[in-house]
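Peer 1: Given chain U, work out where chain B should sit, using these hints.
Protein sequences appear in the order of chains U and B. For the first sequence, this note's numbering assigns the number 787 to the initial residue and increments by one for each residue that follows. For the second sequence, this note's numbering assigns the number 777 to the initial residue and increments by one for each residue that follows.
What the hints contain is simulated information worked out from the structure, not anything from laboratory work. Values in this document were obtained by computation on a predicted structure and should not be read as measured data. One should not assume that every hint holds.
Stated by the list, open to error - Residues of chain U clear of chain B, computed beta-carbon distances all greater than 12 Å: (1) Phe864; (2) Ala945; (3) Phe982; (4) Ser1032; (5) Leu1035.
Claimed, not checked - What follows is a list of derived Cβ distance ranges for each label pair: (6) U:Asn879 <-> B:Ala803: 24 to 32 Å; (7) U:Leu835 <-> B:Leu893: 27 to 35 Å; (8) B:Met927 <-> U:Val821: 24 to 32 Å; (9) B:Arg786 <-> U:Thr800: 51 to 59 Å; (10) U:Gln811 <-> B:Ser937: 36 to 44 Å; (11) U:Gly828 <-> B:Ser937: 27 to 35 Å; (12) B:Leu791 <-> U:Pro949: 17 to 25 Å; (13) U:Arg1036 <-> B:Val802: 45 to 53 Å; (14) B:Glu925 <-> U:Asn908: 30 to 38 Å; (15) B:Val943 <-> U:Asn879: 46 to 54 Å; (16) B:Pro948 <-> U:Arg1002: 44 to 52 Å; (17) U:Leu805 <-> B:Val802: 52 to 60 Å; (18) B:Val802 <-> U:Leu823: 26 to 34 Å; (19) B:Val802 <-> U:Val821: 53 to 61 Å.
As the list claims (entries may be wrong) - On the chain U side, residues computed to face chain B include the following (Cβ under 8 Å): (20) Ile885; (21) Pro893; (22) Gly906; (23) Val1007.
Cβ coordinates follow ideal geometry from the N, Cα and C atoms, glycine included.
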Amino acid sequence: MRPRILPTDVLLGTAPIALVLALWQGLVSFGFAPVTLLPPPGIVFGRLLQQLVTSTFQQEIVATLIRLFGGFLIAVVFGVGIGIAAAASPAINSVVRPIVRVLAPLPKVALYPALLLLLGFNHESKITLVAADALFPILLSTYFGASTVEQKLIWSAMAAGTPRREILFKVVLPAAMPSILTGCRIGLVISCIVVFLAEMITSTDGLGHVLVTAARTFQAVDMFVPLITISLLGLILNGLLQAVRSYLLRGFPEV
Amino acid sequence: MTQRGALIARAAPVLACIGLLALWQVASLLLKNDSFPTAVEAIRAVPAILGDKEALINILASLRRMAVGFGVAVAVSVPLGLLMGRSRQVQAFFNPLLMVIYPVPKAALMPIIMLWLGVGDIAKTLVIFLGVSLPVIYHSFEGAKAVEEKMVWSGAAMGLSAAQRLVRIVMPAALPEILTGCRTGLVLALITMITSEMIARQSGAGNILFNALDMGQYDTVFAMIIIVGAMGICLDAAFERVRARLVRWSEPQFDMPLSFS
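Same shape as in the complex, but just chain U (with noise of 0.2 Å):
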């Protein structure tokens, strides 16, 4: 049973993000920071509607979405298969397990270099950058999920006469489904994360470069546009999650 979202806990709740907001406006009001370092959160809120209409500024978050979903898409199909093989099969287990426990601490954004020299300025290396950040707690973990299913509830499923490989995706895969699920939803946040810094390090296009160019260009107002934009895209992709999860996730007793 999911607790009831209380009114007061709404009001509670949007105090101390007005309270920001407030202290950001009075912070450029009574002049304790320069409008050209902080601009008011009026002008900015205004700058990011009248920027999301121009097709420029489109394009630059269509760039950016390409990059996060196809890493992002990557690593859940790698994550979920490589996840459930370590766990079905003891031979790629001792394969997966130390090859993970090697790459899975390593920094990846240490790997961005190579990978641009490897595979060029261009969508490629950052998209090999966001699946290799995203794989690893996908993989774990549905890795984690596959290799908690109860072994009675496959005795079961192989009692009644179901053949192996169907036991996989009937039984072992929708039990695995909410730490999956757990797994993509911190994925997905990471996506979002290193897309944007790919994006800054090396890029043409996409909403980290628009940060980059503002920054060099001392435009306060711009830094910050690109900024709240990727952490309403990663709100908004959040809750589409959540979404795919309920429905995913219908009948199972409180996730």
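Peer 2: Structure of chain B alone, referenced to chain U:
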């Protein structure tokens, strides 16, 4: 596990390292690309970097910033997360704000923070602090929420004050989860450290890496990748040691790094 099995388990990550390096070697020999040196060439360039005094000072400065940012973040985030887990009001107060901040790439704040604080240590440490604190808050929160209510009640019945209950019951009970958060934070600290130095090109490991890329010293690029990667793996392994010792009492955990979930 038998003696032999334990030995194999310990050797496996080393074997995996060697295997990956061999794969790299073969790939670079096959591709014959000027900008993709072989693994042997890259490893040969490592001593040159570590022997260079200036580079060493840079790398140590990076590690110092990382340690400070990580330490302060843990010190602030753990109490906040625990409070959020125990009090509905505190949770309702902070949760939406944290949800809005979570998907913002912290290193992307670097250009803005640089405008205010300059390119020095403070700006970079602040960015690392921001990057580390969110996962630690989140995991402490989850850990504190899952503490068994009965234990807290027993503590209350025995006359512990609210603050004492938090420190003596909730914190130890949530410790495994908190440490998982710290481990994620450690990896994120390293990532944020590299990216912040790459954006504020002035000093540090990230600076060496991307300067080498700009100047086309590909051996150095790949050698730095090896160094940074080794830093990540060593820090993670060291942390895992500490963690295993601190939460020996808790159920045996997964030995794969589940740090991200």
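Peer 1: Hint numbers the structure violates, sorted upward?
Peer 2: 3, 8, 11, 12, 14, 15, 18, 22 and 23
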